[in-house]
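Chemist: When you get a sec, could you build the whole thing from the sequences and use the hints?
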Amino acid sequence: MSELLTGLLQESISGIALGCIYALIALGFTLIYKATEVVNFAQGEIMMVGAYVNFFFVTQFSGMAGGLNGWVFLAALFCSIIFAVFFGIILDYIINRPLKDEPVFSIIMATISLAIILRSLTAMIAGPISLVPISPFGDSTIQAGGIVISVLDLAIIISAIILMGLFFFFFNNTRWGIAMKATSEDSEAAQLMGIPVKQVYRMVWVFAAIVGIISGVLLAPRMALLDTTMSYLGLKAFPAAILGGFGSIPGAVVGGVILGIIETVSMGTLSFHFAWIKEINDIIVWIVLIAVLMIRPDGLFGIAKVKRV
Amino acid sequence: MKRIVSIIILSTLFWTGCENREGSPGITDTEILIGNIQDLSGPIKELGLLIPAGSNMYLDYINEQGGVHGRQIKMLVEDHQYNPQKSVVAAKKLIEKDQVFCLYNVVGTSPAEALRPILEESGVPLIAPATMSSSMADMSRQAAQYIFHTDAGYDLQTRVLIDYILENNPDAVIGLCYQDDDYGANALQGCAEAESNHSISVQKEAFQRGATDFVGQTMNFMKGGCTDVIIGGIVREPVTIMKTAQAMNYKPNFYGLIPTVDPRVGLLAGEVGEGFIAPYHAYYPDSDESGPTLYRELCDKNNVPAKMRGIYHYYGFATAHVLVEGLRRAGKFPTRERLIKGLETLNNWESGVFPPITYSRNDHTGVESLYLLQLQGGKQIAITDWRD
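Respectively, the protein sequence lines represent chains A and B.
For what it's worth, this note's numbering labels the leading residue of the first sequence as 1, then goes sequentially.
For what it's worth, this note's numbering labels the leading residue of the second sequence as 1, then goes sequentially.
Read the hints as simulated data drawn from the structure, not as lab findings.
Treat the hints with caution; some may be incorrect.
[Stated by the list, open to error] Here are the simulated DSS-like cross-link-like pairs (lysine-lysine), alpha carbons at most 30 Å apart as the crow flies:
| hint | chain 1 | residue 1 | chain 2 | residue 2 |
| --- | --- | --- | --- | --- |
| 1 | A | Lys-278 | B | Lys-332 |
| 2 | A | Lys-278 | B | Lys-251 |
| 3 | B | Lys-251 | B | Lys-74 |
[Stated by the list, open to error] FRET-style restraints, in silico, Cβ to Cβ:
| hint | chain 1 | residue 1 | chain 2 | residue 2 | range |
| --- | --- | --- | --- | --- | --- |
| 4 | A | Pro-297 | B | Gln-99 | 53 to 59 Å |
| 5 | B | Val-89 | A | Glu-279 | 31 to 37 Å |
| 6 | A | Pro-297 | B | Leu-76 | 21 to 27 Å |
| 7 | B | Glu-121 | A | Val-151 | 27 to 33 Å |
| 8 | B | Glu-274 | A | Lys-198 | 38 to 44 Å |
| 9 | A | Val-288 | B | Gln-99 | 50 to 56 Å |
| 10 | B | Arg-209 | A | Gly-70 | 33 to 39 Å |
| 11 | B | Glu-64 | A | Met-64 | 42 to 48 Å |
| 12 | B | Asn-249 | A | Asp-298 | 44 to 50 Å |
Think of the CB as a built atom: it goes at the ideal place given N, C-alpha and C, for glycine as much as any other residue.
Modeler: Dropping the structure here:
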């Protein structure tokens with residue numbers, strides 16, 4: 001295999017893993033947006049909370065078990081997901097319900113406030129000193145045809161695929177999934193048709209919290225240090241959701257992966273062969289986003305809303 | 001008539017003298033008020049906790065010994081969240097409302113740089129800005145006469161590392177991985193200087209602050225055949241790059257700038273970090289010099305938790321020495337002008353924490369030499385003498 005191709009493949013795999021994290025965060029945006037038409041700007045912070053909560057459970061359980069082992073990580077993941085369920089219910093109660101009939105702008109402002117509160121609360125509880133996250137996979141890698149794949153990256157990619165598949169199936173093939181789509185389309189009509197809209201909303205927030213928490217669990221070991229700045233990655237996932245088409249689950253995946261690959265390849269092979277790329281590395285994602293939106297204003301997988309006039 | 005004129009002149013002289021004695025804002029008979037601006041709730045809030053804690057530990061020690069000329073030193077800390085605009089607001093509050101005597105240790109290059117106009121306008125000195133950018137010691141810039149830098153710049157650090165690499169291997173192919181901001185810009189300045197001195201070309205790869213993925217940059221260094229790679233990051237970057245390189249079976253010599261002299265680099269990198277070299281501009285906290293010995297004693301006495309001890313906490317402790325010496329030299333009746341003049345009398349001054357410091361009217365650089373530390377068995381070991 002040529003050096004160029006090996007390099008591109010190596011960077012692409014790393015980019016896909018990074019993109020899957022973006023995709024999971026974007027999925028959180030998408031889930032809430034699909035059902036409530038609200039953009040939750042606190043999704044990055046929900047992810048950060050997930051990383052901290054998982055860290056707490058891992059350290060507690062490893063203390064009880066007298067060391068780290070696979071069961072400790074599984075038990076911690078299970079408890080983190082249970083936490084996510086309650087966290088989602090609380091968010092529904094404090095953000096969604098009181099503001100349900102208020103203008104969308106008010107709800108968005110509430111999610112921005114929630115983001116600030118979650119960041120501050122986490123810093124207050126965990127303290128300002130960064131934590132050292134523990135990876136269940138250590139530094140293990142797999143070699144395949146001159147390409148090195150970290151087991152952690154592989155786990156991120158597989159987890160993301162499973163989660164996306166589950167949600168895609170849920171939205172298209174289950175009664176609750178279709179109820180969510182109907183609620184998103186017209187909540188009043190859905191309610192008249194017998195759909196329990198309040199429960200649908202609660203479920204959406206719970207799902208978004210679960211996705212957020214899992215993305216935090218997966219991302220933390222990749223960060224080497226765990227601190228509240230992790231939440232800023234939420235902002236990076238936002239263009240991924242727009243690129244894929246806001247509200248589209250496959251769009252969130254494709255948007256996230258495209259951005260992840262662009263970021264890694266532009267820092268690597270492209271910068272190596274074209275030095276000027278280094279100068280625009282931080283804006284290259286936005287250039288691609290604008291270019292795509294010029295051709296497809298609703299994103300790659302977005303469906304244009306047409307109104308009869 | 002002559003008598004009246006004499007009385008007026010004498011009274012004026014008397015009041016002028018009294019004013020000098022009552023002196024500057026922030027000074028009372030019992031207290032000296034200092035203003036510090038840190039990031040308490042922004043991206044580097046960890047430093048906002050550790051640096052002032054280290055400073056306060058030394059200031060408390062001085063206060064217990066009777067303070068400076070009988071006055072206790074009190075430090076107020078404001079938050080700028082690493083935002084230059086908020087840094088200006090905080091400085092205005094400290095200078096105009098709290099009436100501090102001087103500013104000390106404002107953290108971050110851009111938040112410290114943003115204060116130049118207010119320093120110029122108010123004449124308030126800024127002692128030991130907590131930034132390693134050498135721009136703070138550039139005497140041609142606005143308000144430079146009020147700023148006393150302590151740290152060795154990133155440019156000097158980069159240059160010293162390149163000199164060291166080429167001394168040991170004249171055929172070395174050097175790579176520099178730099179953060180795409182003012183930290184990296186200053187490192188690039190030193191790199192350009194070294195490139196011109198040695199007639200070499202260094203392969204440069206950028207990364208964005210907060211990046212988690214360094215596969216592209218590591219592969220580029222590998223493709224470029226770099227034998228020695230300098231990483232201008234903090235903790236995450238050197239650890240991730242070294243681990244990524246190891247996974248790719250790429251084994252250059254790795255180096256970092258001063259922020260990478262963090263014990264967590266060795267802890268997180270494990271075996272991969274063995275041999276990692278970075279410069280340092282003060283006597284290392286583990287060494288037997290008087291400053292580090294006092295540091296360890298005070299940490300034990302004050303029960304400073306192990307997780308707080310380290311280069312940032314020590315940094316606050318170390319820079320507080322320069323502040324206290326400046327206040328001493330400002331005399332019994334300190335004014336801001338006397339503080340500046342006092343600091344400018346430092347001539348090869350031995351603090352016990354930094355190498356000898358000299359300030360003059362035309363030079364506020366502070367530390368101008370470094371030595372190199374190497375990770376050996378997870379510990380930082382000095383491998384060179386001071387170099388500049």
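Chemist: Taking the Cβ atom of B/Asn-249 and the Cβ atom of A/Asp-298, is their distance within the range 44 to 50 Å?
Modeler: Because 45 Å falls inside the window, the suggested range holds.
Chemist: If I claimed the Cβ atoms of A/Val-288 and B/Gln-99 lie 50 to 56 Å apart, would that claim hold in this structure?
Modeler: 52 Å, holds
Chemist: Between B/Lys-251 and B/Lys-74, is the straight-line Cα distance small enough, at 30 Å or below?
Modeler: Since the Cα atoms of B/Lys-251 and B/Lys-74 sit roughly 50 Å apart, the hinted pair is violated (cutoff 30 Å).
Chemist: Holds or violated: the 38 to 44 Å window for the beta-carbon distance between B/Glu-274 and A/Lys-198?
Modeler: 58 Å, violated
Chemist: Range first: 33 to 39 Å. Now tell me if the beta carbons of B/Arg-209 and A/Gly-70 are that far apart.
Modeler: With Cβ atoms ~35 Å apart, the hint holds.
Chemist: May I ask you to test the hint 27 to 33 Å on the CB atoms belonging to B/Glu-121 and A/Val-151?
Modeler: The hinted range 27 to 33 Å is violated for B/Glu-121 and A/Val-151, with Cβ atoms some 58 Å apart.
Chemist: Is A/Lys-278 within 30 Å of B/Lys-251, Cα to Cα?
Modeler: Holds: A/Lys-278 and B/Lys-251 sit about 24 Å apart, inside 30 Å.
Chemist: CB of A/Pro-297 to CB of B/Gln-99, is that within 53 to 59 Å?
Modeler: 57 Å, holds
Chemist: Please work out if A/Lys-278 and B/Lys-332 have their alpha carbons no farther apart than 30 Å.
Modeler: Outside the cut-off at roughly 55 Å; violated.
Chemist: For the pair A/Pro-297 and B/Leu-76, does the Cβ-Cβ distance stay inside 21 to 27 Å?
Modeler: Given about 52 Å between the Cβ atoms, the range is violated.
Chemist: Measuring from beta carbon to beta carbon, are B/Glu-64 and A/Met-64 in 42 to 48 Å?
Modeler: Roughly 44 Å apart at Cβ, these two residues keep to the hinted range, so it holds.
Chemist: Given the range 31 to 37 Å, decide if the beta-carbon distance of B/Val-89 to A/Glu-279 lies inside it.
Modeler: Check passed, 33 Å falls within 31 to 37 Å.
In this structure, the hints that do not hold are numbers 1, 3, 6, 7, 8, in rising order.
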